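Number of protein chains: 2
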Amino acid sequence: MRAIETLITELARLPGIGRKTAQRLTFHLLQQGPDDSVRLARALDAVAATVHDCAECGYVAEEERCEFCRDPRRDAGLVCVVEDAVSVLAVERSTEFRGRYHVLGGRLSPLDGVGPESLRIAGLLERVRSGSVREVILATNPSMEGEVTATYLHQLLGGEGVRVTRLARGLPMGGDLEYIDGVTLAHALLTRQEVAG
Amino acid sequence: MRAIETLITELARLPGIGRKTAQRLTFHLLQQGPDDSVRLARALDAVAATVHDCAECGYVAEEERCEFCRDPRRDAGLVCVVEDAVSVLAVERSTEFRGRYHVLGGRLSPLDGVGPESLRIAGLLERVRSGSVREVILATNPSMEGEVTATYLHQLLGGEGVRVTRLARGLPMGGDLEYIDGVTLAHALLTRQEVAG
Numbered sequence: 001m002r003a004i005e006t007l008i009t010e011l012a013r014l015p016g017i018g019r020k021t022a023q024r025l026t027f028h029l030l031q032q033g034p035d036d037s038v039r040l041a042r043a044l045d046a047v048a049a050t051v052h053d054c055a056e057c058g059y060v061a062e063e064e065r066c067e068f069c070r071d072p073r074r075d076a077g078l079v080c081v082v083e084d085a086v087s088v089l090a091v092e093r094s095t096e097f098r099g100r101y102h103v104l105g106g107r108l109s110p111l112d113g114v115g116p117e118s119l120r121i122a123g124l125l126e127r128v129r130s131g132s133v134r135e136v137i138l139a140t141n142p143s144m145e146g147e148v149t150a151t152y153l154h155q156l157l158g159g160e161g162v163r164v165t166r167l168a169r170g171l172p173m174g175g176d177l178e179y180i181d182g183v184t185l186a187h188a189l190l191t192r193q194e195v196a197g
Numbered sequence: 001m002r003a004i005e006t007l008i009t010e011l012a013r014l015p016g017i018g019r020k021t022a023q024r025l026t027f028h029l030l031q032q033g034p035d036d037s038v039r040l041a042r043a044l045d046a047v048a049a050t051v052h053d054c055a056e057c058g059y060v061a062e063e064e065r066c067e068f069c070r071d072p073r074r075d076a077g078l079v080c081v082v083e084d085a086v087s088v089l090a091v092e093r094s095t096e097f098r099g100r101y102h103v104l105g106g107r108l109s110p111l112d113g114v115g116p117e118s119l120r121i122a123g124l125l126e127r128v129r130s131g132s133v134r135e136v137i138l139a140t141n142p143s144m145e146g147e148v149t150a151t152y153l154h155q156l157l158g159g160e161g162v163r164v165t166r167l168a169r170g171l172p173m174g175g176d177l178e179y180i181d182g183v184t185l186a187h188a189l190l191t192r193q194e195v196a197g
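If you're matching them up, the sequences are chains F and E in order. Take 1 as the starting number for the first sequence in the working numbering and just add one per residue. Take 1 as the starting number for the second sequence in the working numbering and just add one per residue.
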């Protein structure tokens, strides 16, 4: 059962898919007949062959530049800096952002040997220096490394004459004070806002 | 983003994988680089090309007959009849069965147009009539259609001079009387067993 075993192993490498789920998926595909497996295989091949990083922002693209960098309706003066491509999807889901992106491809983590040169930071500086950018929104993840990365970028962009902002920190919708961590609550207190009358 | 969309759609066709999970898996694969996608594609192609139904029992096989039908240590006189290949995995997990299998490829469901001729029933009769089978264990799922299928097979095999048994019905391990359905509890009462002293 070498082919079946191999497929189970490959599927189980995907995040959130354990061995038992991989087995269930494999047997589902076997039950559907070979057409389904082949169609999924072709979709994977197509992605592997055509998708690469956008030459401008690092997001996924099938042409030279991604859908956002090619869209003239997106504000090129507003750049949202994120760690990875999934973060772009998250910001898009908010439907509040009509600017462009810059995908770093990770976050600073000296202990893992990830320094500024490992990330798409030179490209960001280049975009800012080209003069068309008014504001850079730092939207790295709210983790220790994300904070460090944001602080580094803030300092780096300090002298470039561009507005640098960060996503607000505070209570998440549906959150419960009882279960909110202290750091978040401290942030929410320090950046408390006037109640609109 | 045609290739990416296609892959998300194909992954979302898998059972238990919604659109959001499919998107997360796709972006994970994109982040890993093309090698992972290609390896998964090859595993799928290999399964599509080499796996078929065992000529004897209908379970998945990469050679003419499946691993169980080829295994001389498995008792060929004891045949466990199941609806599908995943059921074989379930019975194997019990580690209590050392016989062979017969995979029907579904269950009787007249409303969906699934009659006896749509299932691997002629092959089962053939195996029984070949004379080597002592006992047939009916292990269809404990659903309405599974029951109907088992009853049909029981009648069909009645005159063949072979022992026909069914999996015991009763309380599942870890179950709680409060939450057990009435039909199961009725079964458990009717087939109650003497407490071994």
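Do not rely on the hints blindly, as some may be mistaken.
The list treats identical chains as one, so a pair stands whether inside a single copy or across any two.
[Stated by the list, open to error] SDA-like mimics (lysine to any residue), calculated; alpha carbons at most 20 Å apart, straight line:
{"#": "1", "residue 1": "K20", "residue 2": "D35"}
{"#": "2", "residue 1": "K20", "residue 2": "L125"}
{"#": "3", "residue 1": "K20", "residue 2": "T6"}
{"#": "4", "residue 1": "K20", "residue 2": "E147"}
{"#": "5", "residue 1": "K20", "residue 2": "L177"}
{"#": "6", "residue 1": "K20", "residue 2": "E5"}
{"#": "7", "residue 1": "K20", "residue 2": "V91"}
{"#": "8", "residue 1": "K20", "residue 2": "V162"}
{"#": "9", "residue 1": "K20", "residue 2": "P72"}
{"#": "10", "residue 1": "K20", "residue 2": "E178"}
{"#": "11", "residue 1": "K20", "residue 2": "E145"}
{"#": "12", "residue 1": "K20", "residue 2": "A122"}
{"#": "13", "residue 1": "K20", "residue 2": "R166"}
{"#": "14", "residue 1": "K20", "residue 2": "E126"}
{"#": "15", "residue 1": "K20", "residue 2": "S130"}
{"#": "16", "residue 1": "K20", "residue 2": "R93"}
{"#": "17", "residue 1": "K20", "residue 2": "Q32"}
{"#": "18", "residue 1": "K20", "residue 2": "A49"}
{"#": "19", "residue 1": "K20", "residue 2": "E92"}
{"#": "20", "residue 1": "K20", "residue 2": "I180"}
{"#": "21", "residue 1": "K20", "residue 2": "S94"}
{"#": "22", "residue 1": "K20", "residue 2": "L89"}
{"#": "23", "residue 1": "K20", "residue 2": "R70"}
{"#": "24", "residue 1": "K20", "residue 2": "A76"}
{"#": "25", "residue 1": "K20", "residue 2": "Q31"}
{"#": "26", "residue 1": "K20", "residue 2": "T95"}
{"#": "27", "residue 1": "K20", "residue 2": "V114"}
{"#": "28", "residue 1": "K20", "residue 2": "R120"}
Worth flagging that the hints you see were computed from the coordinates, not collected in a lab. All values derive from a computational prediction rather than experimental measurement.
Going through the hints against the structure:
Within a single copy, K20 and D35 get their C-alpha atoms no closer than 23 Å, and across copies no closer than 24 Å, so neither meets the 20 Å cut-off. In this assembly of identical chains, the alpha carbons of K20 and L125 never lie at most 20 Å apart, being 46 Å within a copy and 33 Å across copies at closest. Proximity of K20 to T6 under the C-alpha cut-off of 20 Å is restricted to the intra-copy arrangement: shortest distance 14 Å within a copy versus 26 Å between copies. With identical chains, the CA atoms of K20 and E147 are never at most 20 Å apart, being 37 Å at best within one copy and 27 Å at best between copies.
In the homo-oligomer, the alpha carbons of K20 and L177 never lie at most 20 Å apart, since the shortest distance is 37 Å inside one protomer and 28 Å across protomers. Within a single copy, K20 and E5 get their C-alpha atoms as close as 12 Å, which meets the 20 Å cut-off; across copies the closest is 27 Å, which misses it. For the identical chains of this complex, K20 and V91 are inter-copy neighbours only, at 15 Å across copies versus 33 Å inside a copy, given an alpha-carbon limit of 20 Å. In this assembly of identical chains, the alpha carbons of K20 and V162 never lie at most 20 Å apart, being 51 Å within a copy and 35 Å across copies at closest.
Taking the shortest Cα distances, K20 and P72 never come within 20 Å of each other, neither inside one copy (46 Å) nor across copies (28 Å). For the identical chains of this complex, K20 and E178 are neighbours neither inside a copy (36 Å) nor across copies (29 Å), given an alpha-carbon limit of 20 Å. For a Cα distance limit of 20 Å, the shortest separation of K20 from E145 qualifies neither inside one copy, at 33 Å, nor across copies, at 26 Å. With identical chains, the CA atoms of K20 and A122 are never at most 20 Å apart, being 43 Å at best within one copy and 32 Å at best between copies.
Taking identical chains as interchangeable, the C-alpha atoms of K20 and R166 are never at most 20 Å apart, the minima being 41 Å within one chain and 26 Å between chains. In this homomeric assembly, K20 and E126 never come within 20 Å of each other (Cα to Cα): the closest approach is 47 Å inside a single copy and 34 Å across copies. For the identical chains of this complex, K20 and S130 are neighbours neither inside a copy (51 Å) nor across copies (36 Å), given an alpha-carbon limit of 20 Å. For a Cα distance limit of 20 Å, the shortest separation of K20 from R93 across copies, 12 Å, qualifies, whereas the shortest one inside one copy, 31 Å, does not.
With identical chains, the CA atoms of K20 and Q32 are at most 20 Å apart within one copy only, with a shortest distance of 18 Å there and 23 Å across copies. Taking identical chains as interchangeable, the C-alpha atoms of K20 and A49 are never at most 20 Å apart, the minima being 30 Å within one chain and 23 Å between chains. In this assembly of identical chains, K20 and E92 lie within 20 Å of each other by CA distance solely across copies; the values are 14 Å between and 33 Å within a copy. Proximity of K20 to I180 under the C-alpha cut-off of 20 Å is found in neither arrangement, the shortest distances being 34 Å within a copy and 26 Å between copies.
For the identical chains of this complex, K20 and S94 are inter-copy neighbours only, at 15 Å across copies versus 34 Å inside a copy, given an alpha-carbon limit of 20 Å. For the identical chains of this complex, K20 and L89 are inter-copy neighbours only, at 10 Å across copies versus 29 Å inside a copy, given an alpha-carbon limit of 20 Å. Taking the closest pair of Cα atoms, K20 and R70 never come within 20 Å of each other, the shortest separation being 42 Å inside a single copy and 25 Å across copies. Taking the shortest Cα distances, K20 and A76 never come within 20 Å of each other, neither inside one copy (46 Å) nor across copies (28 Å).
In this assembly of identical chains, K20 and Q31 lie within 20 Å of each other by CA distance solely inside one copy; the values are 16 Å within and 24 Å between copies. In this homomeric assembly, K20 and T95 come within 20 Å of each other (Cα to Cα) only across copies, at 17 Å, whereas the closest approach inside a single copy is 37 Å. Proximity of K20 to V114 under the C-alpha cut-off of 20 Å is found in neither arrangement, the shortest distances being 34 Å within a copy and 29 Å between copies. In this assembly of identical chains, the alpha carbons of K20 and R120 never lie at most 20 Å apart, being 37 Å within a copy and 27 Å across copies at closest.
Violated hints for the displayed structure, listed by number in ascending order: 1, 2, 4, 5, 8, 9, 10, 11, 12, 13, 14, 15, 18, 20, 23, 24, 27 and 28.
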